[in-house]
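Colleague: Sequence:
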Amino acid sequence: QMANIEIIIRDKDGQILNRVTAESYELGQELSSLSAIEGAIDQLKNRLLPALEADLLAHQQQKAITELKKADR
Numbered sequence: 003q004m005a006n007i008e009i010i011i012r013d014k015d016g017q018i019l020n021r022v023t024a025e026s027y028e029l030g031q032e033l034s035s036l037s038a039i040e041g042a043i044d045q046l047k048n049r050l051l052p053a054l055e056a057d058l059l060a061h062q063q064q065k066a067i068t069e070l071k072k073a074d075r
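Position in the sequence shown counted from 1, then plus 2, gives you the numbering used here.
No wet-lab data here; the hints were simulated from the structure.
Estimated spans, in silico, between C-beta atoms of each pair:
id, residue 1, residue 2, range
1, A66, S37, 38 to 46 Å
2, Q63, K14, 17 to 25 Å
3, A38, L70, 44 to 52 Å
4, K72, K14, 17 to 25 Å
Calculated cross-link-like contacts (lysine-lysine; reagent style BS3-like; alpha-carbon spacing at most 27 Å):
id, residue 1, residue 2
5, K14, K72
6, K65, K14
7, K71, K14
8, K14, K47
Here a beta-carbon is modelled for each residue, glycine too, at the ideal position from N, C-alpha and C.
Just need the whole structure built from these sequences, with the hints factored in.
Modeller: Have a look at this one:
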């Protein structure tokens, strides 16, 4: 049985911030030992965290640009 993890990041109003990170990540089929689970989680972190950080930074940057444009009006 294969385990999957799905991560969806939402703002405080429940709106999805970015669909790019709303992907399903497979952990693999052989998760029968603690060592295998730890290895799968480490691989997941290495794949997911850079993309997640980039998505959050892009969202925050767009929000800041929008606020600056509103302030200039």
